[in-house]
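Novice: Sequence:
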Amino acid sequence: MNNTFPTEGNLSGLSRKDFQKDINDKKTDLFILKNKKGMEVAVTNYGCAILSIMVPDKNGKYANVILGHDSIDHVINSPEPFLSTTIGRYGNRIAKGKFTLFGEEHELTINNGPNSLHGGPTGFHARVWDAIQIDESTVQFNYVSADGEEGFPGNLEVEMTYRLENEVNALTIEYRATTDKATVVNLTNHGFFNLAGISNPTPTVNNNIVTINADFYTPIDEVSIPTGEIAKVEGTPMDFRTPHTVGERIDDKFQQLIFGAGYDHCYVLNKTESGSLDLTATCKDPESGRIMEVYTTEAGVQLYTGNWLNGFEGAHGATFPARSAICFEAQCFPDTPNKPHFPSATLLPGDEYQQITVYKFDVEE
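In my numbering, the protein residues as written are 788 to 1152.
There could be a bad hint or two in this list.
[Claimed, not checked] Between beta-carbon pairs, the in silico distance windows are:
{"hint": "1", "residue 1": "H1128", "residue 2": "R963", "range": "37 to 47 Å"}
{"hint": "2", "residue 1": "Q1141", "residue 2": "N811", "range": "22 to 32 Å"}
{"hint": "3", "residue 1": "S1063", "residue 2": "H1128", "range": "37 to 47 Å"}
{"hint": "4", "residue 1": "N811", "residue 2": "E944", "range": "10 to 20 Å"}
{"hint": "5", "residue 1": "E891", "residue 2": "T791", "range": "42 to 52 Å"}
{"hint": "6", "residue 1": "H1128", "residue 2": "G1104", "range": "41 to 51 Å"}
{"hint": "7", "residue 1": "K804", "residue 2": "D1039", "range": "39 to 49 Å"}
{"hint": "8", "residue 1": "G1062", "residue 2": "H1128", "range": "15 to 25 Å"}
{"hint": "9", "residue 1": "A1048", "residue 2": "E892", "range": "27 to 37 Å"}
{"hint": "10", "residue 1": "E892", "residue 2": "D967", "range": "13 to 23 Å"}
{"hint": "11", "residue 1": "L1064", "residue 2": "P908", "range": "28 to 38 Å"}
{"hint": "12", "residue 1": "I919", "residue 2": "E1035", "range": "36 to 46 Å"}
{"hint": "13", "residue 1": "N811", "residue 2": "P1136", "range": "23 to 33 Å"}
[What the hints assert, rightly or not] In silico BS3-like cross-links for lysine-lysine, where the CA-CA straight-line distance does not exceed 27 Å:
{"hint": "14", "residue 1": "K1019", "residue 2": "K968"}
{"hint": "15", "residue 1": "K1019", "residue 2": "K1040"}
{"hint": "16", "residue 1": "K808", "residue 2": "K821"}
{"hint": "17", "residue 1": "K824", "residue 2": "K848"}
{"hint": "18", "residue 1": "K848", "residue 2": "K823"}
{"hint": "19", "residue 1": "K1147", "residue 2": "K823"}
{"hint": "20", "residue 1": "K848", "residue 2": "K1147"}
{"hint": "21", "residue 1": "K845", "residue 2": "K824"}
{"hint": "22", "residue 1": "K824", "residue 2": "K885"}
{"hint": "23", "residue 1": "K883", "residue 2": "K1126"}
{"hint": "24", "residue 1": "K848", "residue 2": "K1019"}
{"hint": "25", "residue 1": "K1058", "residue 2": "K1147"}
{"hint": "26", "residue 1": "K814", "residue 2": "K804"}
{"hint": "27", "residue 1": "K821", "residue 2": "K848"}
{"hint": "28", "residue 1": "K968", "residue 2": "K885"}
{"hint": "29", "residue 1": "K1126", "residue 2": "K968"}
{"hint": "30", "residue 1": "K1147", "residue 2": "K821"}
{"hint": "31", "residue 1": "K1040", "residue 2": "K1058"}
{"hint": "32", "residue 1": "K823", "residue 2": "K845"}
By construction, these hints were calculated from the structure, which means they are not laboratory data. Ideal placement from N, C-alpha and C gives every residue a C-beta, glycine not left out.
Please put together the full structure from these sequences, using the hints given.
Specialist: This is the structure we're talking about:
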(Lines of atoms letter the chains of each structure in order from A and count residues from 1; the text may use other names and numbers.)
(Lines give C-alpha, C1' and ligand atoms only; values in the text may rest on other atoms or scores of the structure.)
Protein backbone atom coordinates (compact mmCIF):
# COMPACT_ATOMS: atom_id res chain seq x y z
CA MET A 1 0.00 0.00 0.00
CA ASN A 2 1.42 3.39 -0.99
CA ASN A 3 -0.65 6.52 -0.52
CA THR A 4 1.73 9.42 0.03
CA PHE A 5 -0.28 11.92 -1.97
CA PRO A 6 -2.55 14.41 -0.14
CA THR A 7 -6.21 13.52 0.25
CA GLU A 8 -7.62 16.24 2.51
CA GLY A 9 -9.21 19.39 1.09
CA ASN A 10 -10.39 17.55 -2.00
CA LEU A 11 -13.35 18.73 -4.07
CA SER A 12 -15.43 15.68 -3.13
CA GLY A 13 -15.39 16.48 0.60
CA LEU A 14 -14.33 12.92 1.43
CA SER A 15 -12.05 12.21 4.40
CA ARG A 16 -9.24 9.66 4.33
CA LYS A 17 -9.87 8.50 7.89
CA ASP A 18 -13.37 7.40 6.88
CA PHE A 19 -11.85 4.94 4.40
CA GLN A 20 -9.11 3.40 6.52
CA LYS A 21 -9.92 -0.04 7.89
CA ASP A 22 -8.26 -3.42 8.35
CA ILE A 23 -10.10 -6.21 6.53
CA ASN A 24 -8.61 -9.72 6.60
CA ASP A 25 -5.14 -8.29 7.29
CA LYS A 26 -5.40 -5.83 4.42
CA LYS A 27 -5.81 -2.08 4.73
CA THR A 28 -8.36 -0.01 2.85
CA ASP A 29 -7.67 3.61 1.99
CA LEU A 30 -8.76 6.67 0.00
CA PHE A 31 -6.94 7.82 -3.13
CA ILE A 32 -7.42 11.21 -4.81
CA LEU A 33 -6.48 11.65 -8.46
CA LYS A 34 -6.18 15.07 -10.11
CA ASN A 35 -5.30 16.31 -13.57
CA LYS A 36 -4.00 19.66 -14.78
CA LYS A 37 -7.44 20.79 -15.94
CA GLY A 38 -8.98 20.54 -12.46
CA MET A 39 -10.78 17.19 -12.78
CA GLU A 40 -10.70 15.11 -9.61
CA VAL A 41 -11.54 11.44 -8.96
CA ALA A 42 -11.75 9.74 -5.57
CA VAL A 43 -11.38 5.96 -5.31
CA THR A 44 -10.85 3.30 -2.66
CA ASN A 45 -9.02 -0.01 -2.97
CA TYR A 46 -12.07 -1.89 -1.62
CA GLY A 47 -13.54 -3.17 -4.87
CA CYS A 48 -11.63 -0.35 -6.60
CA ALA A 49 -14.86 1.60 -6.11
CA ILE A 50 -15.03 5.05 -7.69
CA LEU A 51 -16.42 7.34 -5.00
CA SER A 52 -16.65 10.63 -6.88
CA ILE A 53 -15.83 12.22 -10.23
CA MET A 54 -15.70 16.00 -10.02
CA VAL A 55 -16.07 17.76 -13.38
CA PRO A 56 -17.44 21.19 -14.37
CA ASP A 57 -20.77 22.03 -16.01
CA LYS A 58 -21.30 24.61 -18.77
CA ASN A 59 -20.97 27.40 -16.17
CA GLY A 60 -17.76 26.02 -14.71
CA LYS A 61 -19.45 24.68 -11.58
CA TYR A 62 -17.99 21.43 -10.33
CA ALA A 63 -20.18 18.55 -9.17
CA ASN A 64 -19.84 14.84 -8.55
CA VAL A 65 -21.24 12.85 -11.49
CA ILE A 66 -21.00 9.27 -10.16
CA LEU A 67 -22.97 7.52 -7.43
CA GLY A 68 -20.82 6.59 -4.46
CA HIS A 69 -20.46 6.47 -0.68
CA ASP A 70 -18.59 8.59 1.88
CA SER A 71 -17.12 5.88 4.15
CA ILE A 72 -15.67 2.41 3.78
CA ASP A 73 -18.42 0.92 5.96
CA HIS A 74 -21.06 2.36 3.64
CA VAL A 75 -19.22 0.95 0.61
CA ILE A 76 -19.05 -2.51 2.18
CA ASN A 77 -22.69 -2.47 3.29
CA SER A 78 -24.17 -0.71 0.25
CA PRO A 79 -27.68 -1.82 -0.77
CA GLU A 80 -26.19 -1.86 -4.29
CA PRO A 81 -23.02 -3.94 -3.76
CA PHE A 82 -21.71 -3.20 -7.27
CA LEU A 83 -22.08 0.59 -6.95
CA SER A 84 -19.36 2.07 -9.21
CA THR A 85 -16.97 -0.82 -8.48
CA THR A 86 -14.71 -3.03 -10.54
CA ILE A 87 -16.45 -6.24 -11.59
CA GLY A 88 -14.87 -9.69 -11.99
CA ARG A 89 -13.94 -12.40 -12.52
CA TYR A 90 -16.91 -12.39 -14.90
CA GLY A 91 -19.03 -9.29 -15.39
CA ASN A 92 -22.72 -9.75 -16.11
CA ARG A 93 -24.59 -13.08 -15.90
CA ILE A 94 -23.72 -16.72 -16.40
CA ALA A 95 -26.79 -18.93 -16.78
CA LYS A 96 -27.48 -21.19 -13.79
CA GLY A 97 -23.95 -20.47 -12.55
CA LYS A 98 -22.52 -23.22 -14.72
CA PHE A 99 -20.22 -23.50 -17.71
CA THR A 100 -18.02 -26.17 -19.27
CA LEU A 101 -14.45 -25.41 -20.31
CA PHE A 102 -12.41 -28.03 -22.18
CA GLY A 103 -14.76 -30.77 -20.98
CA GLU A 104 -14.72 -29.77 -17.30
CA GLU A 105 -17.87 -28.33 -15.74
CA HIS A 106 -17.53 -25.47 -13.28
CA GLU A 107 -20.20 -24.41 -10.80
CA LEU A 108 -20.32 -20.81 -9.60
CA THR A 109 -22.09 -19.14 -6.71
CA ILE A 110 -25.69 -18.22 -7.55
CA ASN A 111 -26.56 -14.64 -6.56
CA ASN A 112 -29.12 -13.35 -9.09
CA GLY A 113 -32.23 -15.49 -9.35
CA PRO A 114 -31.01 -18.74 -10.91
CA ASN A 115 -27.82 -17.15 -12.24
CA SER A 116 -24.34 -16.00 -11.27
CA LEU A 117 -23.95 -12.22 -11.53
CA HIS A 118 -20.78 -10.08 -11.63
CA GLY A 119 -18.46 -12.76 -10.31
CA GLY A 120 -20.61 -13.77 -7.35
CA PRO A 121 -21.29 -12.19 -3.95
CA THR A 122 -17.58 -12.05 -3.06
CA GLY A 123 -16.31 -11.13 -6.50
CA PHE A 124 -13.76 -8.43 -7.27
CA HIS A 125 -16.15 -5.71 -6.03
CA ALA A 126 -15.88 -7.15 -2.49
CA ARG A 127 -12.11 -7.62 -2.30
CA VAL A 128 -9.35 -5.42 -0.90
CA TRP A 129 -6.86 -4.77 -3.69
CA ASP A 130 -3.19 -3.91 -3.25
CA ALA A 131 -2.73 -0.31 -4.32
CA ILE A 132 0.05 2.08 -5.17
CA GLN A 133 -0.47 5.70 -6.22
CA ILE A 134 2.14 6.25 -8.89
CA ASP A 135 1.68 9.99 -9.29
CA GLU A 136 -0.95 12.68 -8.75
CA SER A 137 -3.13 11.35 -11.56
CA THR A 138 -2.52 7.57 -11.48
CA VAL A 139 -3.23 4.67 -9.12
CA GLN A 140 -2.45 1.02 -9.82
CA PHE A 141 -4.39 -1.87 -8.27
CA ASN A 142 -3.37 -5.53 -8.08
CA TYR A 143 -5.27 -8.62 -6.98
CA VAL A 144 -4.68 -12.36 -7.18
CA SER A 145 -7.91 -14.31 -7.50
CA ALA A 146 -7.25 -17.83 -6.20
CA ASP A 147 -8.03 -20.99 -8.13
CA GLY A 148 -11.60 -21.94 -7.20
CA GLU A 149 -12.62 -18.51 -5.91
CA GLU A 150 -16.41 -18.27 -6.44
CA GLY A 151 -16.01 -21.45 -8.52
CA PHE A 152 -13.74 -20.04 -11.25
CA PRO A 153 -10.71 -22.10 -12.30
CA GLY A 154 -7.12 -20.88 -12.25
CA ASN A 155 -5.08 -18.44 -10.22
CA LEU A 156 -5.77 -15.13 -11.96
CA GLU A 157 -3.33 -12.24 -11.49
CA VAL A 158 -4.98 -8.91 -12.26
CA GLU A 159 -3.37 -5.49 -12.69
CA MET A 160 -5.60 -2.48 -13.19
CA THR A 161 -4.69 1.19 -13.59
CA TYR A 162 -6.92 4.23 -13.12
CA ARG A 163 -5.38 7.27 -14.80
CA LEU A 164 -6.59 10.82 -15.39
CA GLU A 165 -5.45 12.32 -18.68
CA ASN A 166 -4.02 15.85 -18.54
CA GLU A 167 -4.91 17.11 -22.04
CA VAL A 168 -8.63 16.37 -21.59
CA ASN A 169 -10.93 15.51 -18.69
CA ALA A 170 -10.85 11.74 -19.05
CA LEU A 171 -10.55 8.72 -16.79
CA THR A 172 -8.74 5.82 -18.46
CA ILE A 173 -9.01 2.31 -16.99
CA GLU A 174 -6.51 -0.27 -18.19
CA TYR A 175 -6.87 -3.96 -17.30
CA ARG A 176 -4.37 -6.80 -17.60
CA ALA A 177 -4.70 -10.37 -16.35
CA THR A 178 -2.87 -13.70 -16.62
CA THR A 179 -3.79 -17.19 -15.46
CA ASP A 180 -2.07 -20.51 -14.68
CA LYS A 181 -5.08 -22.57 -15.83
CA ALA A 182 -7.69 -22.14 -18.56
CA THR A 183 -10.40 -19.83 -17.26
CA VAL A 184 -12.95 -17.22 -18.33
CA VAL A 185 -12.40 -13.50 -17.77
CA ASN A 186 -14.74 -10.57 -18.33
CA LEU A 187 -13.74 -7.48 -16.37
CA THR A 188 -15.61 -4.18 -16.34
CA ASN A 189 -16.32 -1.09 -14.29
CA HIS A 190 -19.87 -0.64 -13.03
CA GLY A 191 -19.88 3.16 -12.85
CA PHE A 192 -23.32 4.57 -12.03
CA PHE A 193 -23.24 7.98 -13.73
CA ASN A 194 -25.50 11.01 -13.40
CA LEU A 195 -24.20 14.00 -15.36
CA ALA A 196 -26.65 16.39 -13.66
CA GLY A 197 -24.72 15.88 -10.42
CA ILE A 198 -25.44 13.91 -7.28
CA SER A 199 -28.03 15.43 -4.92
CA ASN A 200 -30.99 14.63 -2.66
CA PRO A 201 -32.81 13.25 -4.49
CA THR A 202 -30.54 12.60 -7.43
CA PRO A 203 -32.62 13.30 -10.56
CA THR A 204 -33.49 10.56 -13.01
CA VAL A 205 -31.52 10.17 -16.21
CA ASN A 206 -34.69 10.21 -18.31
CA ASN A 207 -33.66 13.47 -20.03
CA ASN A 208 -30.13 12.22 -20.83
CA ILE A 209 -29.52 12.09 -24.58
CA VAL A 210 -27.75 8.87 -25.53
CA THR A 211 -26.13 7.50 -28.67
CA ILE A 212 -24.59 4.02 -28.92
CA ASN A 213 -22.52 2.87 -31.89
CA ALA A 214 -24.20 -0.52 -32.30
CA ASP A 215 -26.40 -2.03 -35.00
CA PHE A 216 -27.14 -5.13 -32.90
CA TYR A 217 -27.79 -6.20 -29.31
CA THR A 218 -28.24 -9.46 -27.40
CA PRO A 219 -31.91 -10.03 -26.47
CA ILE A 220 -32.57 -11.61 -23.05
CA ASP A 221 -35.08 -14.01 -21.54
CA GLU A 222 -37.21 -13.48 -18.42
CA VAL A 223 -34.18 -14.00 -16.11
CA SER A 224 -31.92 -11.67 -18.15
CA ILE A 225 -29.87 -14.39 -19.85
CA PRO A 226 -29.14 -13.82 -23.56
CA THR A 227 -31.24 -16.02 -25.82
CA GLY A 228 -28.21 -16.39 -28.10
CA GLU A 229 -29.71 -14.22 -30.83
CA ILE A 230 -27.79 -11.25 -32.19
CA ALA A 231 -30.71 -8.98 -33.04
CA LYS A 232 -30.96 -5.78 -35.02
CA VAL A 233 -31.77 -2.63 -33.04
CA GLU A 234 -33.43 -1.16 -36.12
CA GLY A 235 -37.14 -0.51 -35.67
CA THR A 236 -37.06 -1.10 -31.91
CA PRO A 237 -36.74 1.05 -28.75
CA MET A 238 -33.24 -0.42 -28.41
CA ASP A 239 -31.97 1.73 -31.28
CA PHE A 240 -29.60 4.47 -30.09
CA ARG A 241 -27.65 4.83 -33.33
CA THR A 242 -29.13 8.32 -33.48
CA PRO A 243 -29.64 10.42 -30.32
CA HIS A 244 -32.62 9.61 -28.10
CA THR A 245 -33.44 10.51 -24.53
CA VAL A 246 -33.42 7.62 -22.07
CA GLY A 247 -37.02 8.26 -21.05
CA GLU A 248 -38.42 8.56 -24.56
CA ARG A 249 -39.09 4.81 -25.01
CA ILE A 250 -38.02 3.15 -21.76
CA ASP A 251 -41.59 2.31 -20.72
CA ASP A 252 -42.72 1.07 -24.14
CA LYS A 253 -44.61 -2.22 -24.11
CA PHE A 254 -41.64 -3.90 -25.72
CA GLN A 255 -40.86 -7.35 -24.35
CA GLN A 256 -37.14 -6.70 -23.92
CA LEU A 257 -37.77 -3.55 -21.86
CA ILE A 258 -40.33 -5.44 -19.78
CA PHE A 259 -37.81 -8.23 -19.08
CA GLY A 260 -35.16 -5.70 -18.04
CA ALA A 261 -37.52 -3.31 -16.20
CA GLY A 262 -35.95 -0.75 -18.53
CA TYR A 263 -32.62 -0.86 -20.35
CA ASP A 264 -30.33 -3.63 -19.09
CA HIS A 265 -28.92 -5.05 -22.30
CA CYS A 266 -25.62 -5.71 -24.00
CA TYR A 267 -24.97 -3.86 -27.25
CA VAL A 268 -22.81 -5.44 -29.95
CA LEU A 269 -20.48 -2.61 -30.82
CA ASN A 270 -19.56 -1.56 -34.33
CA LYS A 271 -15.76 -1.89 -34.29
CA THR A 272 -13.23 -0.52 -36.75
CA GLU A 273 -11.26 -3.70 -36.02
CA SER A 274 -11.09 -6.26 -33.22
CA GLY A 275 -9.65 -4.71 -30.07
CA SER A 276 -9.56 -1.16 -31.41
CA LEU A 277 -10.22 1.70 -28.99
CA ASP A 278 -13.39 3.20 -30.48
CA LEU A 279 -16.02 5.72 -29.48
CA THR A 280 -18.77 3.51 -28.13
CA ALA A 281 -21.39 5.76 -26.58
CA THR A 282 -22.18 9.39 -25.85
CA CYS A 283 -24.38 10.69 -23.04
CA LYS A 284 -25.47 14.32 -22.67
CA ASP A 285 -27.29 16.06 -19.82
CA PRO A 286 -29.05 19.06 -21.41
CA GLU A 287 -29.45 21.01 -18.15
CA SER A 288 -25.83 21.00 -17.01
CA GLY A 289 -24.38 20.76 -20.51
CA ARG A 290 -22.12 17.92 -19.38
CA ILE A 291 -21.19 15.29 -21.97
CA MET A 292 -19.61 11.89 -21.38
CA GLU A 293 -18.03 9.88 -24.17
CA VAL A 294 -17.19 6.21 -23.65
CA TYR A 295 -14.37 4.56 -25.59
CA THR A 296 -13.47 0.88 -25.27
CA THR A 297 -11.52 -1.96 -26.84
CA GLU A 298 -14.29 -4.39 -25.81
CA ALA A 299 -16.81 -6.03 -28.15
CA GLY A 300 -19.85 -5.04 -26.11
CA VAL A 301 -21.25 -2.53 -23.68
CA GLN A 302 -24.06 -3.15 -21.21
CA LEU A 303 -26.51 -0.25 -21.02
CA TYR A 304 -28.18 -0.17 -17.59
CA THR A 305 -30.48 2.61 -16.45
CA GLY A 306 -30.46 2.04 -12.69
CA ASN A 307 -33.84 0.33 -12.82
CA TRP A 308 -33.41 -1.37 -9.43
CA LEU A 309 -32.08 1.59 -7.43
CA ASN A 310 -34.52 2.15 -4.57
CA GLY A 311 -33.72 5.52 -3.04
CA PHE A 312 -30.98 4.47 -0.62
CA GLU A 313 -28.57 7.05 0.76
CA GLY A 314 -25.08 7.66 -0.59
CA ALA A 315 -22.36 10.22 -0.03
CA HIS A 316 -23.20 13.40 1.88
CA GLY A 317 -26.90 12.55 2.20
CA ALA A 318 -27.53 12.14 -1.53
CA THR A 319 -30.25 9.65 -2.39
CA PHE A 320 -30.44 7.34 -5.39
CA PRO A 321 -34.00 6.61 -6.58
CA ALA A 322 -34.88 4.34 -9.48
CA ARG A 323 -33.32 5.38 -12.80
CA SER A 324 -31.12 8.02 -11.19
CA ALA A 325 -28.03 6.62 -12.95
CA ILE A 326 -26.87 5.31 -16.28
CA CYS A 327 -24.18 2.66 -16.73
CA PHE A 328 -22.05 1.84 -19.76
CA GLU A 329 -20.29 -1.39 -18.75
CA ALA A 330 -17.67 -2.25 -21.37
CA GLN A 331 -17.36 -6.03 -21.60
CA CYS A 332 -17.74 -9.17 -23.66
CA PHE A 333 -21.27 -10.53 -23.98
CA PRO A 334 -23.23 -12.01 -21.04
CA ASP A 335 -23.21 -15.81 -20.66
CA THR A 336 -20.46 -16.08 -23.27
CA PRO A 337 -19.05 -19.31 -21.74
CA ASN A 338 -22.38 -21.00 -22.63
CA LYS A 339 -22.73 -19.40 -26.06
CA PRO A 340 -20.02 -20.82 -28.36
CA HIS A 341 -20.95 -18.42 -31.18
CA PHE A 342 -20.29 -15.36 -28.97
CA PRO A 343 -16.73 -13.93 -29.03
CA SER A 344 -14.67 -16.01 -26.60
CA ALA A 345 -13.98 -14.95 -23.00
CA THR A 346 -11.50 -17.80 -22.45
CA LEU A 347 -8.03 -16.95 -21.15
CA LEU A 348 -5.25 -19.55 -21.44
CA PRO A 349 -1.92 -19.80 -19.63
CA GLY A 350 0.72 -17.84 -21.50
CA ASP A 351 -1.82 -15.37 -22.87
CA GLU A 352 -2.72 -11.97 -21.43
CA TYR A 353 -6.16 -10.45 -21.04
CA GLN A 354 -6.10 -6.75 -21.95
CA GLN A 355 -8.76 -4.08 -21.99
CA ILE A 356 -8.87 -0.29 -22.13
CA THR A 357 -11.96 1.80 -21.39
CA VAL A 358 -12.05 5.60 -21.30
CA TYR A 359 -14.71 7.89 -19.82
CA LYS A 360 -14.18 11.36 -21.28
CA PHE A 361 -16.04 14.43 -19.96
CA ASP A 362 -16.75 17.74 -21.68
CA VAL A 363 -19.42 20.42 -21.82
CA GLU A 364 -21.75 21.67 -24.52
CA GLU A 365 -22.26 25.40 -24.32
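Novice: Flag every earlier hint the structure violates by its number, smallest first.
Specialist: Numbers 1, 3, 14, 22, 24, 31, in rising order.
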